[in-house]
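Visitor: Model the full structure from these sequences, guided by the hints.
Residue numbers (our numbering), protein chains in the order written: chain L, 30 to 554; chain A, 5 to 161.
There could be a bad hint or two in this list.
The list that follows gives simulated cross-link-like pairs (lysine-lysine, DSS-like), each with its CA atoms no further than 25 Å apart [as the list claims (entries may be wrong)]:
id, chain 1, residue 1, chain 2, residue 2
1, A, Lys63, L, Lys191
2, L, Lys160, A, Lys77
3, A, Lys161, A, Lys77
4, L, Lys161, A, Lys76
5, L, Lys113, L, Lys158
Treat the hints as calculated values from the structure; they're not laboratory data.
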Amino acid sequence: MPKCTINGQEVVVKDGATIIEAIHHNNQKIAHYCWHPGLSVAGVCRLCMVEIEGNPRLQIACNTVVSEGMKINNTSEKVKDAAKWGLDFHLINHPLDCPICDQAGECGLQDQYMEFGKYDPEMAERKVKKKKVVDLGPTVVLDTERCILCSRCVRFTDEVSKTNELGIFNRGDRSEIGTFDGKELDNKYSLNTVDICPVGALTSKDFRFRQRVWYLKDAQSICTGCSTGCNVKVYFNKEGLFRVKPVFNEKVNGYWMCDEGRDIYKFVNKNARLLKGKKKKPTGFEEFFPGALAKDISSLVTADPGKVAFVVTGQFTNEEYDQVFSLWTKKWGSKNIFHWLNSPEKQNEFDGLLLRGDRNPNTQGLLKRLKDFGISTQWKDLITKINTHEIDTVVVAGPENPIWFPDFKEKLASLAKAKSLIWMQSSNHPEFENVPAGTYLIPLKSFVEKEGTFTNYSGLDQKFSKVTTIVSEALTLTEACTLLAGENLMIRPDPNVLIAAHPTADRVTLEHRKKNEFVFRRGAL
Amino acid sequence: MFQLSNEGLTKVKKELQRYESKDSAIIPALYVAQKENKGWISPDVIHHLSQVMDIAESKITEVFSFYTMFNKKPVGKYHVQVCCTLSCALNGARELADHLCHELKVRAEEMTEDGRFTISKVECLGSCGTAPMMQVNDRYYENLTPESAMNILRGLK
Ligand code: SF4
Ligand code: SF4
Ligand code: FES
Ligand code: FES
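Guide: This is how it looks when you write it as structure tokens:
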């Protein structure tokens with residue numbers, strides 16, 4: 030455990046730690062492009078120069094191991110000068126097309142230039158032109174001119190995804206990123222290359238040109254794409270959610286997330302959602318504020334709770350399960366709770382990196398609570414009981430993303446055989462058009478609109494907070510079950526009205542929620 | 005589909021054994037393959053080498069595209085490389101190369117219509133004392149004049 034001084038401050042570092050790691054640990058800033066904590070060291074950008082006492086020349090911090098008593102300085106004039114010139118060389122052939130570049134606002138070149146820029150470039154030569162808008166594959170677009178050849182993306186496909194699509198071809202100022210013989214950059218983790226590209230050379234097809242990044246806010250959350258539960262940041266504004274990026278968590282996802290997980294924002298946005306409570310009439314749907322349906326629905330459930338079945342997916346929070354199960358088992362003395370597990374045969378699949386076959390964020394939390402509440406029901410019993418009219422009302426807490434529920438249509442059809450069906454779900458589904466008359470649809474909140482805890486595949490509890498409101502009339506599962514219980518559901522500042530345990534975020538009026546709802550308008554903020 | 009001959013395969017396998025890191029064998033392997041593929045490296049060749057050597061195609065392409073000695077497009081039966089670096093340039097190498105191109109009615113780096121010649125201008129070939137010089141496939145010809153060079157080419161079958 031060598032001891033060193035960084036800018037006059039004493040720091041003890043791990044054996045074998047490099048200077049850049051020491052500086053990061055000490056929460057100090059250092060300019061760098063090619064170094065990434067999740068990748069091997071390349072030492073090619075030369076921006077991380079530091080002064081080491083007794084050493085006449087500057088050294089790169091990312092590839093120099095700290096030794097006992099080292100005195101390191103990265104704030105001296107000499108260091109700043111090195112960064113300034115390093116940056117200027119990076120910009121020799123850079124097109125400087127920030128106004129049309131999607132990275133503008135979160136670009137490493139812009140950021141460093143604000144700090145170390147030379148502001149009077151001496152480059153009089155013509156720039157080398159290279160290919161722009163190269164279609165690299167299904168997810169990523171490449172601009173070879175903007176690339177600063179840090180090789181992060183190459184090391185990612187080499188070391189992390191192990192798919193080896195990318196390489197640096199040619200030599201000198203003709204060097205450029207490319208793929209062998211026009212092959213596609215196509216792997217399940219390809220969009221991480223966009224995250225780690227410090228400049229606008231690699232951009233995401235899904236996100237590019239949809240928003241300027243300075244019009245987005247971000248907040249931390251948990252990916253609901255599978256039972257791994259990668260830690261993520263969602264980026265949003267009043268128009269909706271726009272993208273999802275990974276957040277480092279050593280225990281869960283490291284620095285990365287999968288491409289499919291990045292799509293979770295799509296089923297949270299308003300255009301994919303159930304916006305209103307609805308009742309199917311022979312002539313079509315009638316819309317209500319869910320609270321207005323309270324009497325009708327609760328009479329279906331409370332008349333004879335023994336004949337009601339509750340179907341639940343692994344998509345809700347532990348808090349919701351706890352409250353809803355206790356309502357069912359304690360208040361109504363019913364154990365008719367059935368677990369709808371999508372693709373059971375894929376449950377234990379794992380791609381070796383992050384993505385798991387269980388496409389639910391909280392199967393573990395659900396299983397544990399089913400056990401705690403002494404519920405051990407079989408799906409096939411539910412079907413039998415429906416057919417024999419032992420069950421005549423089915424209440425479903427459906428999936429947030431029906432795409433990952435290939436059996437959705439089939440399940441809906443078999444549950445619709447019950448006398449009455451109450452379907453609670455956050456997203457809309459084309460199959461809802463075919464439900465029998467009398468069916469109720471109740472809009473639920475998505476994971477960004479509530480707080481709670483998910484238990485991931487390994488049993489790790491991960492708390493997440495509310496990010497924003499998208500559908501103002503949507504309810505949490507707890508709120509929806511309050512409706513079922515026949516209690517008055519009103520959204521007002523009195524927390525006792527809701528039985529939700531975590532209503533902090535919702536102690537506001539419906540008016541307030543409506544005002545803060547997303548508006549889907551282009552260009553408006 | 006390009007395939008190394010048995011002999012070539014043995015050579016590549018031997019190179020693979022020779023270095024600490026497999027990647028170091030890429031240059032010799034490309035050299036062997038280029039010889040067997042009429043003097044140039046096609047995507048086919050890289051694909052085949054990648055399978056033989058168990059190294060990603062992109063990695064081989066990185067090396068291949070870095071060096072000018074690996075040809076990226078087909079070359080004539082005789083690849084004529086005229087050195088145009090200092091000593092040779094001072095002794096009229098560029099004029100010599102232009103003369104050859106003119107006589108063969110072909111531009112530098114392109115192949116004659118009959119597929120017999122490609123004329124390239126290259127950097128120093130290490131024979132500066134006998135400038136100007138050219139290399140035709142594996143052979144050096146030194147102390148040239150435009151005429152003598154052309155005569156040499158005419159003499160090739
Ligand atoms: S494309 Fe981006 S990540 Fe890849 S080498 Fe260039 S600058 Fe680095
Ligand atoms: S691995 Fe699973 S939790 Fe992680 S990003 Fe992908 S879908 Fe989401
Ligand atoms: S970060 Fe050290 S050389 Fe690039
Ligand atoms: S300069 Fe021509 S061989 Fe050296």
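Visitor: Please go over all the hints and tell whether each is borne out by the structure.
Guide: These are the hints, each one checked on the structure:
no.	hint	in the structure
1	Lys63(A) - Lys191(L)	holds, 12 Å
2	Lys160(L) - Lys77(A)	holds, 20 Å
3	Lys161(A) - Lys77(A)	holds, 22 Å
4	Lys161(L) - Lys76(A)	holds, 22 Å
5	Lys113(L) - Lys158(L)	holds, 24 Å
Of the numbered hints stated above, none is contradicted by the structure.
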